[in-house]
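Visitor: Take a look at the letters that make up each chain.
Protein chains: 2
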Amino acid sequence: MELPGRSCGSRAEVLSRLLRLGYPVPDFRTVPFAAIRRIGRGARFDAPQLLSEFDPSDLIIVRSSPERPEWGGPKPIANIGMCSERVQLLAKIHGEEEAAAVHAEFVQTFAIDVFGLDAGFFDELACSGISQTERLQCSLEHFCKTTGERFPESPAEQLEQACRFMARSWEESSARLLRTAMGAPDDAGLGLIVQRMASGLLGPNDGSGRATAIDRLSGDRVLSGSYSFREPGGGVCSTGLSELAEISPGVCARIEVLLEQLRVEFEDDREVEFSLEGGNLWLIGTRPAPRSPRAAIRSAVELTDDGLIDESDALLGIAADTLAQIIHPQVDPDCSNTVLAKGIGASPGAVSGAIVFSSAAAEQCRAKGESCILVRVETGPEDIRGMHTANGVLTGRGGLTSHAAVMARGLGVPCVAGASDLLFDAIRQRLISNAGRVLREGDTITVDGARGVVLDGVADLIQPNLDSYFDRFLKWADKHRSMDVRANADTLDEVRVAAEFKADGIGLCRTEHMFFEEERLTVMQEMIFAESPGMRRQVLDELLPMQRNDFMALLTEMSDRPVCIRLFDPPLHEFLPRDRDEIANLAIALNLTEHDIASRADELKEFNPMLGMRGVRLGIVLPEIYEMQARAIFEATVEVGRRGIRAIPEIMIPLVSANREVELVKLTVEKVAASVRAEVGIEFEYRFGLMVETPRAALRAGDLAINSEFLSFGTNDLTQLTYGISRDDSNRFMNDYVERKVFPEDPFCSLDLEGVGELLVIAAGRGRQSNPSITLAICGEHGGDSKTIEFCRKAGFNYVSCSPYRVPIARLATAQSAIRARQGTGDKI
Amino acid sequence: MELPGRSCGSRAEVLSRLLRLGYPVPDFRTVPFAAIRRIGRGARFDAPQLLSEFDPSDLIIVRSSPERPEWGGPKPIANIGMCSERVQLLAKIHGEEEAAAVHAEFVQTFAIDVFGLDAGFFDELACSGISQTERLQCSLEHFCKTTGERFPESPAEQLEQACRFMARSWEESSARLLRTAMGAPDDAGLGLIVQRMASGLLGPNDGSGRATAIDRLSGDRVLSGSYSFREPGGGVCSTGLSELAEISPGVCARIEVLLEQLRVEFEDDREVEFSLEGGNLWLIGTRPAPRSPRAAIRSAVELTDDGLIDESDALLGIAADTLAQIIHPQVDPDCSNTVLAKGIGASPGAVSGAIVFSSAAAEQCRAKGESCILVRVETGPEDIRGMHTANGVLTGRGGLTSHAAVMARGLGVPCVAGASDLLFDAIRQRLISNAGRVLREGDTITVDGARGVVLDGVADLIQPNLDSYFDRFLKWADKHRSMDVRANADTLDEVRVAAEFKADGIGLCRTEHMFFEEERLTVMQEMIFAESPGMRRQVLDELLPMQRNDFMALLTEMSDRPVCIRLFDPPLHEFLPRDRDEIANLAIALNLTEHDIASRADELKEFNPMLGMRGVRLGIVLPEIYEMQARAIFEATVEVGRRGIRAIPEIMIPLVSANREVELVKLTVEKVAASVRAEVGIEFEYRFGLMVETPRAALRAGDLAINSEFLSFGTNDLTQLTYGISRDDSNRFMNDYVERKVFPEDPFCSLDLEGVGELLVIAAGRGRQSNPSITLAICGEHGGDSKTIEFCRKAGFNYVSCSPYRVPIARLATAQSAIRARQGTGDKI
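Sequence lines, in order, name chains A and B. With the numbering used here, the residue at position 655 of the first sequence is 655, and numbering never jumps. With the numbering used here, the residue at position 3 of the second sequence is 3, and numbering never jumps.
Calculated from the structure, these hints are not laboratory results. The reader is advised that the hints may include incorrect statements.
Heads up, the list lumps identical chains together, so a pair's fine if it works in one copy or across two of them.
Capping the alpha-carbon separation at 25 Å, the derived lysine-lysine pairs in PhoX-like fashion look like this [stated by the list, open to error]:
id, residue 1, residue 2
1, Lys-605, Lys-342
2, Lys-741, Lys-666
3, Lys-502, Lys-479
4, Lys-741, Lys-671
5, Lys-502, Lys-671
6, Lys-145, Lys-741
7, Lys-475, Lys-502
8, Lys-342, Lys-475
9, Lys-342, Lys-741
All figures in this text were calculated on a predicted structure; none of them were measured in a lab.
Next up, chain A with everything else stripped away, as it sits in the complex (with noise of 0.2 Å):
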C-alpha cells in the first residue's frame, strides 16, 4: 500500500499515523496535490486502475486532504460504486423497495452535490409519496433531462466525476478566499483521500459518528460525540453516544479506550470519527476535540499533570485573545433574536438592558436595579457618570479607540461603537434600524461587544466561569514571562479589577477623570474662570483634599504595587458647559453673566482639541494644577506610609514633546515635594517620567531620558500623531481602508510596527543609551495586544500596560513571548 507523503494532505498523513500506531483504518488510497492540480486542469485519470485495488462489493468514499486541516475543502462524496449490480446485492437482503430507496438517495445527492442540480426538485420528490422504484426512476429522468447526459452507471465514472468536481471546486474564488483568510498561500495544495466505506449497509446499526473525551464548552472530562446510522426503511437516524452504547453495547467503552491512547499518542485530547460495520470499529479520522477556550485550558492543564506536555507547550497552545471569552459573558450562538445592526466590538462581553439616552436615565434604571444600556451617537467626558453606571454601551460614531470603547474596555462594560446603520433621533429620543424597528427609552436590546453586534430583546447568554484551571495556568503564565503586565486604571473600581487579575501594578492612572464628579466640575469650572495664579490656587485647594483621597485609595489598593500616575491631560474646554441651562446655572454659580460664559468657552474653543492647549502645555501655563495633583499624590503617599503601607508611586507627563518642558514641570513637582517633606517631616519617594506621546519625544528621547526614570510610549496618541489620524474620526474611512488593504490593519487595534514601532524602537535605543537605567514601558491600547508585547518584549520593554480585563490576556501573551524567545522563534527585531 502506497504510503503517502506530505504532498497528500493533512487528512492523510493522520490516517497514515493511526496506520502505523496499529489502529483499525479502512483500505485506502490517496491522490496527491500534483495530481489533483492536473485533474483539476482536465488531466486524464485513472479511476478503473485505482478502483481495482479495493474489493468490487466496496462502496468508495471520497474524502479532502488539504494541506493544512483549516483551510477546508469540498464536503466528501460517499457511496461511489452503487451500481445495479451492488443494488440488486442490497435487496436480496432488505428488499426491493428499501434498495431502490438507497440508491435514489445516492443519485439526488450524488447530482446535487457533484453535478450541483438544484437540491428543490429531489426533496418535493422525496415526499411526495411515491414508492422509491418510481423515485429513483423520476430521479434519473430528471439528472437526464436537466444535464443531457446519463447519470453514471459505472464505479469508475462516478469515482472521476466525484474527484474531478473535488479538484475543481479547490480552485473556485469562493474557496480561495476563504482558505487566503486562513493563511494559506496561493498554490496550497489538495490530496484527496479515495477510501473503502466501512459503514457497510448491510449490517443493523451500521454507520459512522465523531466522539471526543471532553465536554467542549466545560472540558470535563466526560464521552460526548454524535452517531448516524440508517434506520431500516426511515433513512438517515442521528443519536448521541449514550443511544449508541444502548445499540451497541461495549462500542462506548471501547471508543473511550481508543480515544485515551490517542490522547497520549497525540499529546492532546482528540475527537475521532469512527464507523461501525458489522459490529466492527473502524477508525476514519482524527483532529484536535474542538473545545471552548475555558475547555482548552482545562485540557491544557491536566495535559500537562499528566505529563503528556510541559507548561511552556499548555501555555503556547492557547491563542491569548480567547481568554476575553472566558473573562466575559457571551451571546448564545444558537440565540434567535433579530439583528437591529451591526457596529465595531469595542469592549467585549454581551448584555441586556433597557435604552437610556443620558445618564441621568441611567442612575434611576441603576436605582431600580434594572440592567441598562447606555445609547449615544458619541461619548464624551460627560458621559463617564453614565458609563459608570451602565451595564453596556452602544454609540452610533466613533472606533475602536473612541472614547466609548477606550472608557467601556477600562471598565469591562460590553460595548458597540459606530453602529451607524442605526438612526439617532436625538430629538425624539428614540432610534431606528435600518428595517424600519423603532425603539425608546426603556425597550430592552442586548448588547453583543464581542461581534460588534445589536439584537433586539433579551437574548440567551453564556456566563462566565473562572475556575482553578484558569487560575493555575496565568500561574504558570507569570513563571515564564520576562516583561511586567500593568493595568490601565483610572477609578478605585478599576484597579480592584485590576489587583483582582493579578495586575503587576498601574501603568496608567488617568487623573482627569477625577475631575468629573459633580462636586468638583464646579470646582474646575470656576478654577478656569479665575483670574490670576493666586486664585486659581485657592480655588484648587478646594480640589486637594479629594485628590489625596482618590490617590490614597488607589495606593492603599495596589499596596506595595507601583501605581503610574499621568498627571491632567484634557483639554479646559472639556470642562465648560454646552447646553443654555448648564451655562445659565453655572453663571449664577460663578456670579458672572451668561456672556461671560459663553465668551470663555468660546475663547477656549480650539479647531484641533487633541493638538491644542493639553497635557504638559497645561502644566506650564497654568502649573498651579501640577502643583495640587503633585501635593495630593505625596500627601497621599505620606498618609498610607503612617498606615503601613509603603508606596512608590510614579508621576507621569503627557503630551511631552520638548526637554525643556521636563525640566520645568520636573523642578515644579520636586518642588512640592520638598514642601511636602518639610511640613511632614517624614522622608517619600516618588518616581518621575514622561509618556511619550509625540514623534517629537520619541525622536528626542536621549535628552528626555536624562530627566525621566521611566518612558512610557503612549501608542494612542503617537499612531494618531506619526499618521495624521483622529482615532475619533477614523471610522469614517478605516474600513474601507482594512478592507481594501490600504494599511494591513487598523493601527489603533494593531500597533504598526513599520511606523510608529521604528519611533519606538528609536526611543528606547536612544533612552536608554542616555539613561541606561531608565524604565521603558508601553501604555496605549495596544499594551494588551499580543503582537505589540512580542514587539515590546524583542524592543527590551520593562513592562506593558492594558485594560484591567485584557490584563490576563497580557499575562499569557507575555509569557508566550519569553517561551517563544527561549525557543529561538527570533531574537532582536
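Dock chain B against the given chain A, drawing on the hints supplied.
Guide: What follows is chain B alone, placed relative to chain A:
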C-alpha cells in the same frame, strides 16, 4: 604710542587703522578689556599717569570701544579736564559769562551721565534766567548736596570717575541683556578710548559731525550728514552738511575725498565721525554707512561694479530677510498714529483702509474703489473671497501659520493675526481696543504686517521701489545658487507674482481654493450629497471644464517652468454651509430638506479635522474627485501643448502615510492619463509625487520613493504632527513657550531642526537610497526661511518653495547658502 591689539575693542582697531593709513586722528590712548574688567570690580586706575601723556591744555573725551560695534557700550563722556584753570583760559577768549556757561554745561552733563543725578533740576536751572556764573554755582552746590561729595575738580579725578562709571555700566544687567540679544557672549569685552578732543572750544565754528557719501534711504550718491558746533552765547547748534559748506568752505569737498578714499580702503561705503578744530579736519571714527535695505543693495552693486568687492561679497553682505522691506510698503517710523493693538506680524507690508467685517462688505468697498481691511476673529475657506478683495487682514486669533496668515502671505496682503487685545463684538459688529476705543465698519485703521501693529487712522507709508539695482543683485544671486526656488501659488494672480519675482516654477498649487468660488461651491455641495460613485462622477463632470481652464491658465503663465499641483486636500465639511439661511438655500438648490443638509453636515463633522477624512484618504474613498482633477490637468496639458507650450505638470498627493495609498492613487492617475492619451491621440508627460506631511511618510520614505518622482515636504503639517500641536490653536501657549524658552523658537516660524529636521534627513536619505533620481523639496511655510534654506541645501534638496512674495528672499538666501558652502563654512549636517 601704544598700538592697540584686538583686546582694546573695535573702535580702537578702526582708529589704529586710520592712523596706519595716515589720516589725521587726534592723539589717543586705549584702556584694554582686562583693565576695564578690573576697574569695574573696583581696582585702582592710574588716571594721572594716563593724563600725563596728553598736553595739559587738552580737553579729553572717553569713548566706548566694545569687542564688536553692535554690542553697544556706554555713551562717551566729553570735556574732561574742564577745571578752573581751563575755564579761566576760556574766559580770556570768550568772556566770563560764556566760559561759565561752558563750565556749567560740563558740570551738568557729568553729574547726570556719570553720577546719575536727575536731569530735571539742571534743566530748570538752565531756563531760570539766572546768570551763567550763578548757574554754575548752583549746579556745583546741588551736586554737593545730592551726592555728599564735592564735584571732581581735577582732570585726573574726572577721568577716573568717567572710566570707572563706564566700566561699571558695561556690567549692568540691562546692558548685558541688550548685547546678549545681539549674540554677545557672557565675557564680551569693553575697551575705552581716551582721546584729545579735537573740537576745541577755541575757534569759531569748531565742532564735530558725521558724514556719508550715500543717501540713507535711496542709496543715491550724495554727501549727507550733520554737524554740531557751539554758537557764541547760544549753546550747541546742529545743522546739515550743506550749512557746514557755507560756514567752512572746502571742508565738505575734503570730506567727500576722504569718504571716497575710505570706501576704497574699507571696501564699503562708510560714515565718518569728524571734528573741525581751527579749520583743521580730524577723523574721530568711521563705521559702515547706515542704509536702508534698498540703499544697501544699490551700494553693494556699485561696490561690485567698481571692483572693490566681488559678487559673493555683495550677496553675503545683505541679510536676506531685509528684502521684505523693499518689496512691501512700510509704516513711516516717525508717524504718530495711536497704536490700537499689537498682534503677530503675519504678512509683511502696511496698508490703511476701512474696516469691513465680511467678504461681502469687502467687495462693496472694492467696487467703490476704496481700500479696506478685512477684520475677522479668525478666517476660514469661506473668507477667501474677502481676502482676495481686501487690502489688508486683521484677525483676533491664530498665529503665524493660521489660515489668515498663510493666505495673506500668499496673496501678498499685509496681515496682523492674533490681535487678542481687541475685543471682537460680533453681535454689534464692532471692535473695542484695550483703551476703550470703539471701531465700527467703515472706520479707518492701518495694519502694519511687518511689526504686527494696528494703528488708528491712516498712517504715513514708505512705498517700495524695485529698481534696476534690485534686479541686477538678484540676477547675481541666481548665478550663485545651487537650489531652485519655486513659489506656493494657488491663483492666477499669485502665479503672476511668482513669475514676476522669477520663481523657477510653482512648488505647491493648492487646488481646493478653486472649489470655493460661488458657482463651483454649489457643485461641490451637490457632489457631497451624491449617493453613488456614478452620480458623483456626473456632478464632478460639471467642474471638469472649470478646473481645466484653471490649469490651462496656470500652465500658460508658467510656460516651460514646472507647476506642481496638489490634488484636493480639505475635509468635505468645509464645503457645507453653517448658518440657517445658507442651509435653507442649499436645501432648495438640491431639492432636499434642511434636516437632510444638517444631518449630512453632522455626519461629516470631525473632532479633529486636521487629522480626519482629508487628503489622500478622500482620494481613495471617493476616487472620483482625483479622477476629475487628473483629467483636468492632462486635458489642460494637451490643450496648452496645442498652443505651443510644452508643459510638464507635476501631480502631488497630500497626507500620505502608507505606500498602498500611493499605489492606489497612482493607478487611478495612470488610468486617467491612458484614457486622455487614447481620446486625444497626443502624448504628454507628467510627473507623479507626494507631499510628505506625516511622520510616518517620512519614516517610510524608502517605500514611498519607489512610486514617486518627487517628495515634497509639507513642513507645516509635519511640524504639527511631530509636536502634536495644531498651528491654529498654538497661539494659546506659543508666546508663553517662546518667552520662557520652552521652545527656542516657534517651530511654525523656524524649522525645528532637532525633531522635524531629523525626520526630513531620515526621509531624504531613505528616499534617495531607494530612488536615486528622486527630486527632494520643501513646500511648507518654512521654505522661505534662511535657516531652513541652509538646512535644505545641506540635506541635498533640489528646491525650496515659498510664498510668492518671499521668492526674492529665498533666491538670495539660497545663493548665500551656496556661497558659504563653497567658502567652506560648514558642509554636511
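Visitor: If a hint holds in the structure, say so; if it does not, say that too.
Guide: Right, here's what the structure says about each hint:
| no. | hint | in the structure |
| --- | --- | --- |
| 1 | Lys-605 - Lys-342 | between (34 Å within a copy, 22 Å between copies) |
| 2 | Lys-741 - Lys-666 | between (44 Å within a copy, 16 Å between copies) |
| 3 | Lys-502 - Lys-479 | within (13 Å within a copy, 71 Å between copies) |
| 4 | Lys-741 - Lys-671 | between (52 Å within a copy, 20 Å between copies) |
| 5 | Lys-502 - Lys-671 | neither (35 Å within a copy, 57 Å between copies) |
| 6 | Lys-145 - Lys-741 | neither (46 Å within a copy, 90 Å between copies) |
| 7 | Lys-475 - Lys-502 | within (10 Å within a copy, 73 Å between copies) |
| 8 | Lys-342 - Lys-475 | neither (37 Å within a copy, 66 Å between copies) |
| 9 | Lys-342 - Lys-741 | within (21 Å within a copy, 51 Å between copies) |
Of the numbered hints given earlier, the model fails hints 5, 6, 8; all others are met.
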